[in-house]
Structure formats: C-alpha cells, structure tokens
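Protein chains: 2
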Amino acid sequence: MKVFRRALKIKVIVVVAKCEIFYEGRAASYAEPHTRLIIVKTDGTVLVHERDGREPLNWQPSNSIISITEEDGNVVIVSKRIRPPEVLKIVLHEIYALMITHLSKTKLRVLGTEEDMVRQVALNPSIIEEGATLVSREVSTPHGRIDLVLRSKNGYLIVTEFKRSSADIDAVYQLRRYVEYYSKFHVNVKGVLVAPSISPRAQALLKKWGFKFVKRSPPIK
Amino acid sequence: MKVFRRALKIKVIVVVAKCEIFYEGRAASYAEPHTRLIIVKTDGTVLVHERDGREPLNWQPSNSIISITEEDGNVVIVSKRIRPPEVLKIVLHEIYALMITHLSKTKLRVLGTEEDMVRQVALNPSIIEEGATLVSREVSTPHGRIDLVLRSKNGYLIVTEFKRSSADIDAVYQLRRYVEYYSKFHVNVKGVLVAPSISPRAQALLKKWGFKFVKRSPPIK
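Residue numbers (my numbering), protein chains in the order written: chain A, 335 to 555; chain B, 335 to 555.
Hints listed in this document are in silico derivations from the structure and should not be mistaken for laboratory results. Here the structure is a predicted model, which means the values were calculated and not measured. A few of these clues could be false.
Just so you know, same-sequence chains aren't split out, so a pair can sit in one copy or run between any two.
Unchecked claim - 20 Å max Cα-Cα, derived SDA-like pairs, lysine to any residue: (1) K423 with P534; (2) K336 with H427; (3) K352 with M433; (4) K423 with H368; (5) K345 with I429; (6) K541 with I462; (7) K549 with E405; (8) K549 with E354; (9) K345 with L432.
Take these sequences, add in the hints, and give me the full structure.
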C-alpha cells in the first residue's frame, strides 16, 4: 500500500492484475474480475487495457483525484472527478506484476518533407561536396525529375536523388537513369543519393556504380 | 530477441525503455531517446505512453504487422500498415523493464438505472421481504416521490428508497421523511433502503431508526 501511495503524482504505476471495475458517471458500467493492465499516470490519468485494441476498456482523464486504499484485503484504486461527477473504482483481486517507473514527458517532432531536404541543400550545396555550387532545382528529364543539380568546384556535374526515409535499390536505379542521361551531354557526371539511411542492397549497388551516399534526415519543423 | 518474438500474437508485451521513435505515414515524426512505456497487443496494436495524458505519444492500430529485429545491438520494434502505408519504428536503446503477460478480452457491462432496479423489485416484491405484495410505484408525497410502496404479508406498509450506487445518510433521511409521512395514516410502516452498498454512517442511522437495508445492485443490461 505504502509503495503505491508514494508513487502517486511522481511516478507512473503499471499493474497487471485480476481486477473488477466499477464505473459510475454519465453512464455506469461493470467489468467482471479478469486480467488487465492498469496504468496510473502522474497527472491522475488512469487507463485500463485489455488484450486487443487501441482503446482502453476504462479510463479517467488527467486531473482525476486518485486514492489507493484497502478493502476486504484487496488493493483498491479509486479515481474521482468532481465535474462532471465520475468515479472509477478498480478492485485488485490478485496482482501479477507491478512496475513503478519514471517516464518521460516529451513532444513529437514533426519532420520536414523531401522538398525541405532539397531546399536546405540548395541553400548550402557544400553539404554534398565542399565547394559545390547550385546549377538547377527540379530538372525535368525524360527519365523523371532530378531533385537538384550541382557543379563541383573542379567542374563535375552532380546529379542528386533525395529520399526522406531509408533509400532502397529503386532509388539507386533512379539515380543511375539521371547519371546516364547527363552522361550523354557531359563527360563527367557524379551521382549522389541523399537519405537518412540506406538498405544494404542499395548500398552495394551504389558502390558498384561508383555513386556516393550522403546521410541526411529531413529537417525538424 | 526470441522471448519477444515468441510473445507476439499470443501475449501482450509491456516494455519500459529508453527509446527513439520514427514514424512515417500520412505525416512523419520523430521522438528523441527518452523513457517510455511501450505496449504491443496480440492484435498488432502498438501504444507508446509517456508520463501524462490519456493519449499515447505514438500508436499503431490493430492489424498492424509487427516485427522485432536487432539493429546495431538494439532491439527494434517495427509496426507496418500497408493501406494506408504507415511505419512506426521504435529503437530500444536501453530496456529497464519487460513484462510479457496474458491479458483478458472482455466486454464492459452497462449497468441499469435506478428505475431498472425498482422495476425488478416491483415484479418480485419478495426480494424485499418474503410474501410482500406491490401496492404502488412512484408515489408522490409532499416530501418527494417514493420509489415503491409494498405491503408485507402481515399487513405492514413498506416504503422504499432505491439508490443505484452507495447510499449515504441523505438517503436515510429521505426514507425517514416517507416513513413519517405514512405513519400519520397507518399505524405500521417499515422503511427499506435498497442499494448496492451503504456508508457506515448511513448504516448506523438506519439501525437507530429501525429501518432495513437490502443490498442490491442495478441489473446488468
């Protein structure tokens, strides 16, 4: 009991227990004793999960008042809201596992698009190769649209292909089509694939054809 | 690794880990390595929870295809959907706790109202007292509406007060008003309080005034 109470508001309580659940608020419900996963968060949120599905079987929102008591020898978790009046009562008949754990509070970072990646490199072509300069963006060819064309400081043309997630062999084939297309007009063309990661097969193909991989993720918005 | 894989589809995996999360689907997001609670259900549902709030930080719906692999020495949970294309990738940098547990799959039972309780007793007044018969339902008095009036087999009038949840002293006072009201016309009146439970103070008051408590819950719909 003490260990539960001390954990409230500071740590997250995760319990697997055979439990019986009484809810009364805008509606009323009852769940017979069965094995469930109960999560009590630091802000008073309570979630009761079962085997399947995204939605909890029962839940109480944040700012609920949690109390943990004993009743007929069972640990009882009660979550109350005043407005609207709502009570969720969980009677733990048997506790199979108990975790009292610290959890983080972070925010998701929404990642930029492929276009955002291209824009960043266009503003600073040295990301691809020291001293490179911008030739053109979104260059249409009979084989597709090249994201970015640069020129290296010793006169090579650099054609690029950007992927916002892991690059696979399709991306390498795509890059090769662009390189072959430009090779008809220019003697020296380099191919560069830009992505946050690359599959082993794509990496091998890239190496075989003498192209370069630049590891780069979409910018965080 | 094996223990994880064997658990898939049969048991629920609950992990507390320092993890990094990559999501790409209709949008894209990234969550830096932090301590989170990850739940992988038998139907492929994935939930990632943090310290506060009802909503998971990341989630994948049921019927997602889960694979658990190793990457650079880290356990990696990948959840994929084909339509719409969506990938959630969780890289576990450090595992602090791991539970592989059976959980139940039940349904909430929606409980009936106070009216449903009254209706059941009206159909079978012996629930209150052996041989009792129905006199009247919803009897208006200057002191409020009596849920049910019965007559005992030896001629007593039985006035009742129903509560769908725990009865407190207000319920006992209410019952007393009805008993006193009827006592003006009838010599013998009994008071009965019907509820799933009663507070200790209400119980004491009930005893003091010679009323009876009948333990009864709202019917399950």
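Against the structure, the hints come out as follows:
1. K423 with P534: Between copies, since 18 Å is at most 20 Å while 53 Å is not.
2. K336 with H427: Answer is within: at 18 Å inside a copy they meet the 20 Å cutoff, but 32 Å across does not.
3. K352 with M433: both (15 Å within a copy, 16 Å between copies)
4. K423 with H368: For K423 and H368, the Cα distance is within 20 Å only inside one copy (14 Å; across copies 31 Å).
5. K345 with I429: Answer is both: 18 Å inside a copy and 17 Å across each meet the 20 Å cutoff.
6. K541 with I462: Classified as within: same-chain Cα gap 17 Å, cross-chain 87 Å, threshold 20 Å.
7. K549 with E405: between (59 Å within a copy, 17 Å between copies)
8. K549 with E354: Between copies only: 18 Å across chains, 52 Å inside a chain, cut-off 20 Å.
9. K345 with L432: both (12 Å within a copy, 17 Å between copies)
Going down the numbered hints, you'll see the structure goes against none, and every one checks out.
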